[in-house]
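The lines below spell out each chain.
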Amino acid sequence: MAEVLLSIEGIHKRFGGLHALNDVGLTINKGEIYGLIGPNGAGKTTLFNVLTGLYQPDEGRFSFNGRNLFRQKPYVVVESGIARTFQNIRLFANMTARENVMVGQHVRTHAGVFGAVFRGPRTRKEEAAIHARADELLRYVGIERHADEVARNLSYGDQRRLEIARALGTNPKLLALDEPAAGMNPKETAALKTLMEKIRADGVTILLIEHDVKLMMGLCDRIAVLDYGKKIAEGNPEAVKNDPRVIEAYLGVAPE
Amino acid sequence: MDIFLQQIINGLVIGSIYALIALGYTMVYGIMQLINFAHGEIVMFGAMVTITCINVLVGNHISLPGPLMLVAGLVMAIPVSMLLGFAIERIAYRPLRRAPRLAPLITAIGVSIVLQQVASLIWGRSYRPFPNILPQTVHNFFGAAITDLQVAIIILAIVLMGALFFMIERTRLGRAMRATAQNPEVAGLMGVNINSIISMTFVTGSALGAVAGVMVAANYDQAHPYMGFLIGLKAFTAAVLGGIGNLQGAVLGGITLGIIESLGSGYLGDLTGGFLGSNYKDIFAFLVLILVLVFRPSGLLGERVAERA
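From first to last, the protein sequence lines stand for chains A and B.
The letter at position 21 of the first sequence is residue 21 when you use our numbering, and the numbering goes up by one with no holes.
The letter at position 91 of the second sequence is residue 91 when you use our numbering, and the numbering goes up by one with no holes.
Keep in mind the hints are simulated off the structure, nothing from the lab.
Keep in mind it's a predicted model, so treat the numbers as computed, not measured.
C-beta: ideal position from N, C-alpha, C; glycine also.
Be aware that one or more of the hints could be misleading.
[Stated by the list, open to error] Reference excerpt, derived from the structure (chain B facing chain A, CB under 10 Å, subset only):
1. 133
2. 134
3. 136
4. 137
5. 170
6. 172
7. 173
8. 176
9. 178
10. 189
11. 191
12. 193
13. 194
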């Protein structure tokens, strides 16, 4: 049996009268690329926000790598190994690409006030290591030539890559990507696919929201489908594609 | 000519003090878009605690060189102000983090009044003279006079600002502060504990404020429980002039305001034909505030408001 990395059960999230997540449960195994699809407004991003601690779920259970993360703060969630990117890019726009990735490593580093004031050898060594690791990650995603550029001046595709590098800076076990291919041309999408396969090969599990069906079918091991806050299907890409409930959710029912 | 140079020197001295205080306003604004109107009182506590501490030393006939006594006073005053800054954020601002922006503004004014009253209960309502412990050597600088104290104020201000900029630009803590200022939610997702970063911001600004308070007291030879209001308002003006939320702007605004005020008060008598004397010098700060708000609300180095909103 595959080893379970993340497991949620019976998650509910309501915003006033809107039941954004209704009894959602899923498990993600170590080393998987797990896809999450569904029509607009189905609750995919809400689920992401719950999984990363941005939203507190109303009910349910949430464990990750053997640790209970139900209603934990974002920095605790990231510390236990979940990192994410955003559907609408949210970089630190006025900081350089390298600095963005350096902030990403905040959770794995320790220099505090005293380090900042006195700059002992340990602080300096840590700072040098953060710097080197940031450059390494920029190279990993292929944007090392932009290290000293301010993030907002990067091209759209490079900003997406920078978000991935920053997330990898937290040294995650699970990388959650919210529509990473949105707005990319076919060439950029192909490069992104290669990057995601490389990340998985390097031992990071991936949770992916994406509308590009072709990309999802070719990349994911398993796919879950959300519709109106409920999980309506789960399985390998082929099974999900042919599931009548999924077809109905996307296309409606054909009149008899 | 000498009076011109003299006023420039005086302006630089008072301007570096304004700059140190303005940094406290602008750091807090940068990170949570809040004007900490109690910052002036933090400055005042720095001054009052130092004076008390020096008086205790003098009263117990502990004879130390003057500058050393001043350092002893600072060592007492800085932690008091840091603790105040920390407590103010916890008590008056944190519970209102998600409230409309007017609410923390009102608690800020409330805290400011409470601190003034507490200080006047502790120290009385009268002016406290600054103990006469510092050497009063006056140097001749191209025909203008400059004292050891003024030189020390300028140098210390430069050192502190340099240290602050280094901290903000080059350390893990500073990076986390900048990240939080730009996008607190995402910074949290990078493992930054937003609450402790906000506390650190208040504490750092308060430490600078305490030093500035001692500088004010030493420079004007006095301190009192209500001094925080005027000096705070002027430093706030400096922060707005430079572009609130912008650290370099706070320094630029502080120095500029100091020089405007100093030159203005030096020539005010001549300008108005003796109608207004230099005791009206305070009008310049507020004139500057009004002009900036009317003609360039984003300040000298500030971002355009549209970008923020």
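Outcome of the hint check:
1. The closest approach between the C-beta of residue 133 of chain B and any C-beta of chain A is roughly 28 Å, which is over the 10 Å cut-off, so the hint fails.
2. Of the supplied interface hints, the one on residue 134 of chain B is violated, with its beta-carbon coming no nearer than about 27 Å to a beta-carbon of chain A, more than 10 Å.
3. With its C-beta approaching chain A no nearer than about 33 Å, residue 136 of chain B sits outside the 10 Å limit, and its interface hint is violated.
4. The beta carbon of residue 137 of chain B is not positioned within 10 Å of any beta carbon in chain A (closest approach about 32 Å), and the interface hint is therefore violated.
5. About 8 Å separates the beta-carbon of residue 170 of chain B from the nearest beta-carbon of chain A, less than 10 Å, and the hint is met.
6. Checking residue 172 of chain B against chain A by beta carbon gives a least distance of about 5 Å; that is within 10 Å, so the hint holds.
7. Contact between residue 173 of chain B and chain A, as hinted, is supported at the beta carbon level, the nearest pair being about 4 Å apart and thus within 10 Å.
8. Interface restraint check for residue 176 of chain B: the shortest CB-CB distance to chain A comes to about 6 Å, inside 10 Å, so the restraint holds.
9. For residue 178 of chain B, the shortest C-beta to C-beta distance to chain A is roughly 6 Å, which falls under 10 Å, so the interface hint holds.
10. Residue-level restraint check for residue 189 of chain B holds (minimum Cβ-Cβ distance to chain A is 5 Å; threshold 10 Å).
11. Hint on residue 191 of chain B holds. Least Cβ distance to chain A is approximately 2 Å, under the 10 Å limit.
12. Here the hint on residue 193 of chain B is kept, as its CB sits about 5 Å from the closest CB of chain A, short of 10 Å.
13. Of the supplied interface hints, the one on residue 194 of chain B holds, with its beta-carbon coming within about 8 Å of a beta-carbon of chain A, less than 10 Å.
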